[in-house]
Each structure stands twice: as C-alpha cells, then as structure tokens.
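Protein chains: 2
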Amino acid sequence: MIYKDTNEILPKILKRSDDYEEKYLSTVLSIIDDVKKNGDSALKIYSKKFDNNPDENLEVTKKEMISAYDNIDEQLKLDLQLAKKNIEEYHKNQLEKSWFIEKEGTILGQKITPLDKVGVYVPGGKASYPSTVLMNVIPAKVAGVKEVIVVTPAKDGKISEIVLAACYIAGVDKIFKIGGAQAIAALSYGTETIPKVDKIVGPGNIYVALAKKLVFGRVDIDMIAGPSEILIIADDSANPEYVAADMLSQAEHDELASSITITDSPNLAKEIEKYLNIHLKSLPKKDIAEKSLKQYGGVIVVKNINEAVELSNSIAPEHLELAVKNPFELLPKIKHAGAIFLGHYTPEAMGDYFAGPNHTLPTGGTARFSSPLGTYDFFKRSSIISYTRDSFLKQRENVYRLAKSEDLDAHALSVKVRG
Amino acid sequence: MIYKDTNEILPKILKRSDDYEEKYLSTVLSIIDDVKKNGDSALKIYSKKFDNNPDENLEVTKKEMISAYDNIDEQLKLDLQLAKKNIEEYHKNQLEKSWFIEKEGTILGQKITPLDKVGVYVPGGKASYPSTVLMNVIPAKVAGVKEVIVVTPAKDGKISEIVLAACYIAGVDKIFKIGGAQAIAALSYGTETIPKVDKIVGPGNIYVALAKKLVFGRVDIDMIAGPSEILIIADDSANPEYVAADMLSQAEHDELASSITITDSPNLAKEIEKYLNIHLKSLPKKDIAEKSLKQYGGVIVVKNINEAVELSNSIAPEHLELAVKNPFELLPKIKHAGAIFLGHYTPEAMGDYFAGPNHTLPTGGTARFSSPLGTYDFFKRSSIISYTRDSFLKQRENVYRLAKSEDLDAHALSVKVRG
Numbered sequence: 167m168i169y170k171d172t173n174e175i176l177p178k179i180l181k182r183s184d185d186y187e188e189k190y191l192s193t194v195l196s197i198i199d200d201v202k203k204n205g206d207s208a209l210k211i212y213s214k215k216f217d218n219n220p221d222e223n224l225e226v227t228k229k230e231m232i233s234a235y236d237n238i239d240e241q242l243k244l245d246l247q248l249a250k251k252n253i254e255e256y257h258k259n260q261l262e263k264s265w266f267i268e269k270e271g272t273i274l275g276q277k278i279t280p281l282d283k284v285g286v287y288v289p290g291g292k293a294s295y296p297s298t299v300l301m302n303v304i305p306a307k308v309a310g311v312k313e314v315i316v317v318t319p320a321k322d323g324k325i326s327e328i329v330l331a332a333c334y335i336a337g338v339d340k341i342f343k344i345g346g347a348q349a350i351a352a353l354s355y356g357t358e359t360i361p362k363v364d365k366i367v368g369p370g371n372i373y374v375a376l377a378k379k380l381v382f383g384r385v386d387i388d389m390i391a392g393p394s395e396i397l398i399i400a401d402d403s404a405n406p407e408y409v410a411a412d413m414l415s416q417a418e419h420d421e422l423a424s425s426i427t428i429t430d431s432p433n434l435a436k437e438i439e440k441y442l443n444i445h446l447k448s449l450p451k452k453d454i455a456e457k458s459l460k461q462y463g464g465v466i467v468v469k470n471i472n473e474a475v476e477l478s479n480s481i482a483p484e485h486l487e488l489a490v491k492n493p494f495e496l497l498p499k500i501k502h503a504g505a506i507f508l509g510h511y512t513p514e515a516m517g518d519y520f521a522g523p524n525h526t527l528p529t530g531g532t533a534r535f536s537s538p539l540g541t542y543d544f545f546k547r548s549s550i551i552s553y554t555r556d557s558f559l560k561q562r563e564n565v566y567r568l569a570k571s572e573d574l575d576a577h578a579l580s581v582k583v584r585g
Numbered sequence: 167m168i169y170k171d172t173n174e175i176l177p178k179i180l181k182r183s184d185d186y187e188e189k190y191l192s193t194v195l196s197i198i199d200d201v202k203k204n205g206d207s208a209l210k211i212y213s214k215k216f217d218n219n220p221d222e223n224l225e226v227t228k229k230e231m232i233s234a235y236d237n238i239d240e241q242l243k244l245d246l247q248l249a250k251k252n253i254e255e256y257h258k259n260q261l262e263k264s265w266f267i268e269k270e271g272t273i274l275g276q277k278i279t280p281l282d283k284v285g286v287y288v289p290g291g292k293a294s295y296p297s298t299v300l301m302n303v304i305p306a307k308v309a310g311v312k313e314v315i316v317v318t319p320a321k322d323g324k325i326s327e328i329v330l331a332a333c334y335i336a337g338v339d340k341i342f343k344i345g346g347a348q349a350i351a352a353l354s355y356g357t358e359t360i361p362k363v364d365k366i367v368g369p370g371n372i373y374v375a376l377a378k379k380l381v382f383g384r385v386d387i388d389m390i391a392g393p394s395e396i397l398i399i400a401d402d403s404a405n406p407e408y409v410a411a412d413m414l415s416q417a418e419h420d421e422l423a424s425s426i427t428i429t430d431s432p433n434l435a436k437e438i439e440k441y442l443n444i445h446l447k448s449l450p451k452k453d454i455a456e457k458s459l460k461q462y463g464g465v466i467v468v469k470n471i472n473e474a475v476e477l478s479n480s481i482a483p484e485h486l487e488l489a490v491k492n493p494f495e496l497l498p499k500i501k502h503a504g505a506i507f508l509g510h511y512t513p514e515a516m517g518d519y520f521a522g523p524n525h526t527l528p529t530g531g532t533a534r535f536s537s538p539l540g541t542y543d544f545f546k547r548s549s550i551i552s553y554t555r556d557s558f559l560k561q562r563e564n565v566y567r568l569a570k571s572e573d574l575d576a577h578a579l580s581v582k583v584r585g
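Residue numbers (the working numbering), protein chains in the order written: chain X, 167 to 585; chain W, 167 to 585.
These aren't lab readings, by the way, just hints derived from the structure by calculation. Be aware that a few hints might be false.
Here are the in silico distance ranges between beta carbons for each label pair [as the list claims (entries may be wrong)]:
no.	chain 1	residue 1	chain 2	residue 2	range
1	W	Lys570	X	Glu225	44 to 52 Å
2	X	Trp265	W	Glu268	53 to 61 Å
3	W	Asp322	X	Tyr190	38 to 46 Å
4	W	Lys362	X	Lys312	39 to 47 Å
5	W	Lys214	X	Asp402	55 to 63 Å
6	X	Glu222	W	Asn470	39 to 47 Å
7	W	Ser264	X	Lys491	21 to 29 Å
8	X	Lys292	W	Asn470	54 to 62 Å
Even for Gly, the Cβ is constructed at its ideal location relative to N, Cα and C.
Hey, can you work out the whole structure from these sequences and the hints?
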C-alpha cells in the first residue's frame, strides 16, 4: 500500500498492542503466587502442563551445554564467535568509571558496581534464537556480572542445540528448563533450585511480559518489548529492491510487526511495491509477512525528506534506516530511534546479529524515552559524599535552615549536634 | 534496642512493604481508565473528591509562582539557590556525550538525546518538600529536557508557597494542581489541559506508586520508592550523639522508616541508646520516630567492622554512613548502597538538601540493582551503525549464515540482494 495521507497509517502503527492486558492479569498473578509459595514443585507442574516437559531435573548440565556446542556446524560456530567478539567490543564502550571530585574539603563522587546476578529469558519454540542469548548475556558479562542465569522453556524436555551452544559461547553460568510467568517468578523470589536474581532481561510472550511488569521493583527488568518495527527514510538514491528486502526482514518476524518506508520519490514508492511482491512469493514466512505488511506496513510518500524526518520522530521507531544520499547529514535531526542504520549498505540484519550494538531495542514508540539494552543496564551507581569538619562547619547553617523549613527537626538536630 | 543476633532484626527491615498491593489494584485501574476516557472532567471530579479542591482551573499561573517566590524568607531563598547550584554542578558530571568509532569502513556509535517532556510528582500535605522539587527537576534540566511539568495535589485548592518557590528556582515550566493516581494517568495519556510526558518521576503514596507501575511501558518511570532507611557503620571513633541524631533524622520521616547502626563497640551501642532517648524527648515528631525506632530500628553489635560491611551489603541500604576512623578504606568493600556518607562530619542531612548528589535513592534493598536518580534518567541513547559497501561485502556472509540458522530468510535476503 502506498499512502499519501499519513493519518491513514499512523494510528494503526502506534496502536498495535495494548499496554496492560487485564485479561491475563489474574492468571499471571496466580502463577507468581504459586511459585512464591511452592517453589520447585510448582515449577515442575507448570513445565509438564505448558511445555510437556517430563524432566524432573530443571537444570541443564555443563556437559549438555558443551556437547551442544560440539554438535553444531563449524562455520556457524565461527560466525557466532565473531559476533560475540563484535558485541563485546561495542559494549565495552559503554563501561563507566567511578569518579570523585574534591572542592574545599568536600569530596563528591559516584561509585560504579556491577550487579551480582542476572537472569536472561530466552523464548522457546520458533522464536528461540542464538542471537537473543548473545545480545542479552554479553553486556552483562562486560559489565562484570558474576552470575548470568538463562531460563528457557523446554518443549518436550528439549532445548535447541544452537541456543545451548550460544549460551556456552557467551559464558552463561547456569541454564534452567523453565519458561513463562513461572520462570520470571522463580528468578524474582528464588526457589530451592533457581537463584533469586537482581535483574531479569530478555524477550517473551504476553505472560512473560506481564510477569516482568508485576515483579518490577522487587527485581529490576529491561523494557517491556512489543512487536518489532522498521522505518526506512529513502530518497531517490535508494535501491528499491534493498528497501523492499529490509521491509520484508521485519515483516517476517510477526504479523504484528510494522514495516514502513517514507520517501519523497513517488517513483521509488512504486518500485518498492513491485519488489515487495516479487520477493514475497518465494519467502518461507510469506503468510506472516503478507499479513504484517497488509495491516501495519506501507510506503508513505511525502513532499520532502524533512517531512519524512518529522514523521519518523513522531513514530520513534525501533529500527530506523536512512537510505539516503547523505545519511550523516540527516543524523542530527533524528530525535527518537532505537538504532539508526546509515546508508544503502547497512541493512538492519547487520545489526540484528553481528555489527556489535544491541538488538534489544525500545519498541512501540518507547524510543522516545528508552535506550537499547546496554552495559549500563548491568551496573548501578552509588553516590559518594564526604565533608571534612571544616567544610561541614562552613555549610551546616544552610542545611539547618532548609531542614527547619521542611519541619524536619531531627535533620536539623543532626547538623546542630556536630561541633 | 541493641541486637546481637542479626536474625532478629534483618527479616523485619527487609519486609517493610509489599511489592504489589492487590487490594489497591482495582481502584487504581479504574481511576486510570476514567482519566484516559474523560480527561479533564475526570480530573476535576477527583480533585474535588480527594483534595477538596474547588478550583476549576487546574494550572498554576506563572504569576502565582513568582508571587510565592517573592513571599518566602530572603535567607531561605538564598539557601535554596545555593542548593540548586550544588545539585546542578554535581549532576553535570553525569552528562554523557555521543560517540562514534570507525574501523575498516564500519562506523559504530551511540547518540545521546534528552527526553522531550518530563512529569514530576510532588506530594501534597505534610510531605510537600521544596527539596523534592529541586532533586527531581534539576537533573532533568541539566540533561536538556525542554519541558518539565510538576503535578501536586492542592488541598483545599492551595499549594505550599515554598514548593511553588522551589519550582520557580528550579525552572519548572508548568504546574498543575492534581495528585494521586489521576495525576499519573493524566501525565501518561494526556488530557485537554495536561500534556502527555515521556517520563514520570517523584515520590508518592501507594496509589501513586501503583499507578506509576501500571503505566510503565507507555511512559518511563523512576524506581518505585518504598519507606526510607539509614544504616550506619560505626567504630569506637564514632560520636554516639552524632550517630543517634542521624538515626532520628531518618526515623522522623515515617513509622515505616528504618534506622540501623552496626558497630563493633558494645560501649558505643549503649551510648547511642542513651542519646536516642535524650533527643527523642524533645523531638516534635517524637511519636513517629519512636514507632519507627521500635519496629525497624536498633543497634546491632557485631564482632568486627568486616562483619558490619557484609551485613550492610546484604541489606543494600538507601543511605549508608561510614562513621569510622578510616572511611575511605572501607569504601571498596561496599557493594550495594544508594548513597554513601563518609566520616563523622557527613550526616545524611547534608546530602538530603544540599551537597549536590540526588536524594532520590533506591530503597528496600533495591540498591542491589538500581541507582540514585540522575541526569542519566533524562536522556536516552540510540545506536548508530554504518557500513560502507566494502565493509558490508566483507561481512555479509557471516550475517547471511546467522540469519539462515534462525530460519529468517528475509533477513538473509536483505544481505543477499545488495551487491
């Protein structure tokens, strides 16, 4: 579909999923409660019920991990290792150092400490991807997290070998065969077997997302990920076949995925449509991609590229491709986007797997206020304050009066008693 | 109370509030729904009902702000301005810069952009503090946020003059007389009068906290703050009167507040108890402080300071004072704490108002995984990826195989079509 009136397509893109889903709430609350009370025995019951997992042993052994690694294709092994290296290198740039400043006897600063334990949810079934493992585990390891624990549902007791191999490559410390809201509950409260963690990250279905939302506060979580999206700003320098392929790469993920191109070239728009139809035919995930494109996809023709940028900023897309002649000239105008792919030779897929930046990105307009998953998600800061007697005495009167203005007399007392 | 067996006191401290409160859930959900559907008219009904606010006009005028500022005590004005300067200076250290790295034609990087609009919740009534305004608004302004909007309930239509003056000093752009879950809903969805914001920060009661939790995802929020706490590690160099005053300064906040001292000196423990009793007597908030100390306070005597540090790390206190001879020697051993106050002349009160670091800190053990409110809460990051044709061609085979391994054929197609 080619759109000229953006009001036809915009509301559809921005309304793909509801933010809190009351109808699942009671189910998820009762699962959390059950795991909190009954620990492992509740987990085993849910694993049988939801995953048909007959296994009594919830933990994957180191031996199983290594043997999965040994079994995968040698070339794939090298590709995953190279991806790991790139992801590691990029995320090292996000490390922060503790700092101190001193002024007239007062020392102020900030101390950086990695989290102790992190849980990573890896979906099972069709959406069980090695890249999920690498992208979630490596930033935690770079930050210095000592223990990274993967949970993943084991349909019929089995976990994908590539996922296990990716866990081995990424340096995962423990893997448990549990999924759904019950896995989130186990990581939040701890059970006989599952350690309580400090933060839970990773994608999941609506039950997983809702459970994460409910335990937030007790443990930290990453953003609640919605359906994926790509927005491509293209001028007449763009190759319509490239653009069409990139749109399809998003559309094949999910019927709810959204693939939008905004261009100032009506001719390019027509050509993109043509290539979409050509490549759709031979795509194994044709049905999914077709539905996604029909509902949430399209090419929007605007008057000029500035208008395209404005529209893009109002959508705040997860993935933004700048398929234009001078992409770096547009960059300063981009306000909201999870990841920005510049130029005609940077398809989103390069970032999904390999380039180094994280593929866990804010969706559904949340790029307005949130960031890609990063090393900064796995450390925290503590403020540092130190006064000498002299510097304290110089400033205590100000604090005394401020405390008094808030009727907090013991606060005032605490500066008054010191001499 | 002096404790020698930490098992008596620890479970009490860590269990002061429940993490999600089912009994308030339906009320809060229905308020959010109402505001979402009925906008300003719902807000006016709630303001009348909960705050006895007869005012039809929800917005505070610039004139009202300035006149409040003019009316407050001149000395207090200077104190607030000095506090503002310190807070601003400290938070400038938390600014981050965009960065790029180039390697063999591939450019990777991270772009920093401030949020557009931020909402700050300021409680009404007894807990309506100017310091809340400064500590929440200034980091947003330092980050470069264009529009900072304060919401605060107006009991009988009135807002404290000091709070309004603090808003003026901090550079707040708009103030609205609304509170409770309805204020959070208004900031999340927008109404005829209230702008939809990107992030909501600031303390509030259980309704406010629960509403923030429910809208999280649609907008960003800061941490859910629980009751406040202080932990003091003291050796025999500590002055028991100082320590007692600092404990009281936490206890006067809230019956649920927790004030704990851990010391290796039984004698100091006794002396602290003595001074607690002396100063309690004359404290205006005696009743609150006494209840807090009785339920969640105490002095724990341990064998040595290392044991005190371990215990402190297991509690992960919001405020940690190191009232010891060589506080900087202990610092590397501290793993989890919101803010760390070093030495005998750094009472918590100095940080609550004035020193510069933020007083919005992780409570209830969440310092294990979260940080003080900071400038970093008001900007977000976008990943940058750019390949040249050459660098793309060198790496596309790896990406092609990785995409194929995940059965994502359109991803593979998008790297294959480019030549």
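*Regarding Ser264(W) and Lys491(X), is the given constraint of 21 to 29 Å on their beta-carbon distance met?*
Roughly 22 Å apart at Cβ, these two residues keep to the hinted range, so it holds.
Take a look at whether the Cβ-Cβ distance between Trp265(X) and Glu268(W) falls inside 53 to 61 Å. Given about 27 Å between the Cβ atoms, the range is violated.
field: Assessment of proposed distance window 54 to 62 Å (beta carbons of Lys292(X), Asn470(W))
entry: Cβ of Lys292(X) to Cβ of Asn470(W): about 56 Å, so the range 54 to 62 Å holds.
### Message
Holds or violated: the 44 to 52 Å window for the beta-carbon distance between Lys570(W) and Glu225(X)?
### Response
At 31 Å between Cβs, range violated.
- Message: Please check whether Lys214(W) and Asp402(X) have a Cβ separation lying inside 55 to 63 Å.
- Response: 59 Å, holds
Can the suggested window of 39 to 47 Å be confirmed for the beta-carbon pair Glu222(X) and Asn470(W)? The hint (39 to 47 Å, Cβ to Cβ) holds, given that Glu222(X) and Asn470(W) are roughly 44 Å apart.
Is 38 to 46 Å right for how far apart the beta carbons of Asp322(W) and Tyr190(X) are?
41 Å, holds
Using the beta carbons of Lys362(W) and Lys312(X), state whether their distance is inside 39 to 47 Å or not. Holds, since Lys362(W) and Lys312(X) (Cβ atoms, about 41 Å apart) stay within the stated range.
In this structure, the earlier hints numbered 1 and 2 are contradicted, and the remaining ones agree with it.
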